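Work out the full structure, taking the sequences as your base and the hints as a guide.
Residue numbers (the working numbering), protein chains in the order written: chain A, 1 to 560; chain B, 1 to 688; chain C, 1 to 173.
The set of hints was computed from the structure by calculation and includes no laboratory data. Small disclaimer: the values here were computed from a predicted structure and weren't measured. Note that the Cβ used here is the ideal one computed from N, Cα and C, for glycine as well. Don't take every hint at face value.
Unchecked claim - Derived Cβ-Cβ restraints for the label pairs, each shown as a range:
#1 A:ALA75 / B:THR619: 54 to 62 Å
#2 A:LEU7 / C:PRO33: 32 to 40 Å
#3 B:LYS248 / A:PRO88: 47 to 55 Å
Claimed, not checked - Over the 10 Å line for every Cβ pair with chain A, so calculated as not near, a few chain C residues:
#4 TYR134
#5 ALA135
#6 LYS172
Given next are the chains, with one letter for each unit.
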Amino acid sequence: MTVNGLLQIAIFLTVVGLLAKPLGNYIALVYDAKISGLSRLERLIYRICGVHAEEEMSWRTYASAVIVFSVAGFAVVFLLQLFQGFLPLNPQGFKGVSFDSSFNTAVSFVTNTNWQGYGGEATMSYLTQMMGLCVQNFLSAATGMAIMVALIRGFTRRNSKTIGNFWLDITHTILYILLPLSILLAIALVSQGVIQNFNAYRSVPLMQPLTYNDSSITQQVLPGGPAASQVAIKQLGTNGGGFFNTNSAHPYENPTPLSNFLELLAIILIPASLCYTFGSMVGDKRQGRTLLAAMLIIFIPLLMFCYYSEMQDIGSAGNMEGKEARFGVVNSALWATATAATSNGSVDSMHDSFTPLGGLVPLLLIQLGEVVFGGVGSGIYGILAFAIVTVFVSGLMIGRTPEYLGKKIEAFEMQMATLVILIPCSVVLVGTAIAVATDSGTAGVANPGAHGFSEILYAFSSTANNNGSAFGGLSVNTPFYNTILGVSMLIGRFGVIIPILMMAGALADKKHVPVSSGTLPTHGLLFILFLTSMIIIVGGLTFFPALTLGPIAEHLKSIK
Amino acid sequence: MRKTKQNLFRWPLIRIAIIESFTKLNPRYQIRNPVMFVVEVGSTLTTALLVYSFFVPIGESTSFTLQVCLWLWFTLIFANFAESMAEGRGKAQAETLRSSRKDIQAKKLTTSSRDSKITYIASSKLKVGDYVLVEAGDTIPSDGEVIEGIASVNESAVTGESAPVIRESGGDRSAVTGGTMVISDWLVIVITANPGETFMDKMISMVEGAKRQKTPNEIALNTLLSGLTLVFLLATVTIVPFSIFSAKVSAQGTPVTITIVTALLVCLIPTTIGGLLSAIGIAGMDRMIQANVIAMSGKAVEAAGDVDVLLLDKTGTITFGNRQATEFIPALGMDVKTLADAAQISSLADETPEGRSIVVLAKETYGIRERDIRAIGAKFVPFSANTRMSGVDFQDGRQIRKGAADAVDEYVQKQGGTFPNGIKKAVESIAREGGTPLVVAEGKRVLGAIRLKDVVKGGIKERFAQLRRMGIKTVMITGDNQLTAAAVAADAGVDDFLAQATPEAKLKLIRQYQAGGKLVAMTGDGTNDAPALAQADVAVAMNTGTQAAKEAGNMVDLDSNPTKLIEIVEIGKQLLMTRGTLTTFSVANDIAKYFAILPAAFLSIYPELSVLNIMHLSTPQNAILSAVIFNALIIIALIPLALKGIKYRPLGADILLRNNLLIYGLGGLITPFIGIKLIDTLIGEFLL
Amino acid sequence: MIRTSITILIVFTIITGLIYPLAITGIVQLLFPFQANGSIIVKNGQAVGSALIGQPFSEPKYFWGRPSATTPYPYNASLSSGSNLRKNIKVADIPVDLMTASGSGLDPHISPAAAKYQVQRVAKSIGIDESKVYALVDTYTQQRQLGVLGEPVVNVLKLNLALIEEEKNRIKK
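Written out as structure tokens, the structure reads:
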């Protein structure tokens, strides 16, 4: 680890720290409907769509709206891919995407996973990218944030049958949060060299032609496309689906250390800010800071461990395999940790080429359930499930039926919280088991030994937790993987969202329990530590055997 | 049900418990507890594997399979044993109760009149609304309400108290309980419970635990435990394909066997808490019974731990129930000793607690000894509604009177005296400070005033301070006026009070607190308490109270001790805490078990994993066996804790959590490392 | 609800899928046309490559970039592709970035150390003074951005283009 490396980490964390609070408070204002700068546009949208702004939804209606809206979004992305060959804005004349890959990609973008079984610049037309993928980058992120807000309303409302209006929540999210930030970021990224055009791919001469299969290659084909606008929202919305195959390692997607810094900031900024939003909305800022502290307690040591592990390779530069020279090890480790923590899933280096322990860090962070920052919205509702379990156990430990944010935590909340934690874990384990036990599953493994196992484990961890990053060595663009990973993403997303909304409904309906000195404070160091232990223990205990057979065995073998 | 301390581990109880540990292996019984059911399935599986291994080699030694198999069954049996131990004492009590519920011949009356025709009918045939005559020597056939007569009744069958109590029609002493015995006189009662629903029936089923339903927190905890079990089930079962794949890619070693997977599974799932969960619940109810409180449901016990507000009757709970003399205030120019002397003389024959307290105060502060009233030639004039005074008449014509200020005022004026201004002021100030003033006069001379005051029980203030730290608010309920109530409230250190309380005001207050999200506990005995008892979340009815009160409440205090409420709260909290801490302990244990079993399980595939054997356990088989043995033995080791409950100390929530996390969280982390290592060493010693 | 879902989807597809990318394109084509169109290096009116996309070099007279994992041949910019397995490197004296494939397969940079490591070979192969080549490497070394961000790098294509210029100048003289 170098001084400059540590300095870059410190600068990054400081900037996140400085921006998270004001942005978080701003977002809280948005959801409390106190921002109405564009209210004419908003009203126009509602009029066109027949949305009644004053209408409130029960959890059932809210959940139905989420599902119907996601299904419609899925259909659009799916059809755009299948029929892109017949549609405009396709200068390269890409044919329609295969059925299973279209399914996988459509699910992937609708579930905010943005797992990529395809290579963007060789598969997707500009139209598919912008009107399919880019749109879902906005919508799936907005959906996650809407669900978070619905859950927060569950805590703040008393004896209420409703938890808000989904249409209003996504409209507010897009118009006042995601779109303005994306515009700023997109322009900044282009200034650094991220491309944004509608040109056909252009050929440039190779300075030194090369021979391949006895033919001489004299030209290099440089891709084009509206990349910056998509990259901006891909980072801000913890989507992570790259415009190009190698995602943010691609120089056209992430050309300089500064663009890297900005994208990295965009990855973590909203998830971190939402802690403050949460605190502000529940009327107790300490609650938000508690969540943030718990996240940082897990994030920072793992980040340091990842950086340290990547530097433990021969040569002073550390392990540069799969990393870009301009970013170096520190920015690659920082990115890997941040993208895994936030369920973003974009990469600026290849996690598959990390040292076994360096690669363990993103894998573990994903397996912890995407609650260390997590996806926009989904991170907060995920960690709240853990907080509820923590509150429950600690409530019992002090001899009191637990309450969280003034709501009694009872059997139903425990059932839902348990489901939220259980479902992604189960999908990872069962999916990996199916893959290693079947020929179609093991056929995709190119790399030997324990590393091959890690690749499969990573694929299921990433999809079931809606992260989307990959250990690239696994060939996943096959009917088997496209289907099973697609299903895993669906269960990982909706298997969590529905219990969360059910819980939001149940909580909103409860009365409020006032705080007394017998109430366990859900802020402060003790609670933070218990919450972090709970997250680590549940994740750790679930995946310890699998991790042992994957990265840990690989590491121990490599040091022998 | 005698209130004696019983040893938890008496041999007859243990003997029954051992037998039941085996009969409870019935899968239909185990399925109620998902964690232990998984253990049973695992044990059955390894047993089948063991039998199979006699015929076909399964790639591991039969003795290893046998040992794992045995210890898995032990795990189950130990958990059953814990539950049976907890149930045992209740069963014994139920037996005693049942013996007093024998079917008897009841004297059924055709009408409510004692003189109506008597038909003999089995007590088990009595229905609600039947009239029954019970006479001296009869056992009361069923629960009822006295409508005529007065009798002394021995209720020891229910309360364990041998002193007979009076039961009479009307008022708060009209309820009788089936199974108790009339000692003198007779009663006509109307039956208030159908067969099988009597108080005694309910008690029997409660102490037996037969009707024990899972409480809300227990259900929530069960959800969590089932969730963990499912996760670990997946985490361990998937090891099979994972290890097959790994053995293939590493080109060495053998996949993990079913025995090892089962062993790992049983070690990881929260068997410690899962096995002890029902024992903890039963033991909680049992502790209530030890405190002579019958809870009508486990839910009520649990709710007791959650109570935010205690409504306490002033009289009997906070104060001694009687006013006591605390000060003599002489009139201007009078000697205080003269006043004390006269006050004592006038009270000598006054057997009311107030009167006694005056005698005692005079003796204690001024050393005036008690005298025999006849010896000094005086005659006691008892209190009458007419004069509103009491006192003595001496043979020499002297008269001492004591009574309310206005009565004494009238008395001295009639004799041509005047009521001194100083005393008038003193009287006002006593009343203002919440006391009751009495004035003493001799003839036309006013000697002075006596301050009578509600005396707060010793130590009660500290008790309330404790409750406050626990987050519980105390509210005093009294029929006194605002002034008096405020003074007593300040003395006792309660958080709030309700003066001039009527049943309606009480009910309103409870609803008010509940609307604010608080759980309210109260005690009550009278029929007029019934609505409030029904409304309160934890309602303790006094056993001496009316049937209506007992039915409205969800607990009955056999001792009829209003202070019991505090004890009840502590038992409730203890119950929750025992569950919480053992859950934490159970889960924290898993880390060590992983370190024992995983390196052993994967050693043949990746020999490098021996680095993870941080306990340096002797052999892979011993490592797995040690973990399984530890897992079984820890259940036995924790039975006393489960039955006695975690000690509750009234500390703030965060301190309590910190302490318990340190003891059971950190302790749960470290203990198995030591335990497993120890067992491994012992196995090594014995086998070598 | 289905009707609302569909209309909302259409409205936002228009806003975020059409207006937004088009507006951004319009703005940046005005503000940063060079970057927006791929940072194409133009020499004598001819595009010679992108400043951001590396090219394959293997002749001794050129500086070599990093190994590339793109298929079917290295530095195939029409399908970027990263490496998927760390190699156990045993030799310590070769700069590590010269032995490891980049993340994109199109990395235009090498470390200054990796450039200097090649100076001797390049100088010898084209027959110019080593010090001149060193100077050239120094000129084309980009320091950390804003003084702290990233790592110092040398753009291989630009360095090689400069090298050719240098050689031409030498021949002219």
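Against the structure, the hints:
no. : hint                           : in the structure
1   : A:ALA75 / B:THR619: 54 to 62 Å : holds, 59 Å
2   : A:LEU7 / C:PRO33: 32 to 40 Å   : holds, 35 Å
3   : B:LYS248 / A:PRO88: 47 to 55 Å : holds, 50 Å
4   : TYR134                         : holds, 19 Å
5   : ALA135                         : holds, 21 Å
6   : LYS172                         : holds, 20 Å
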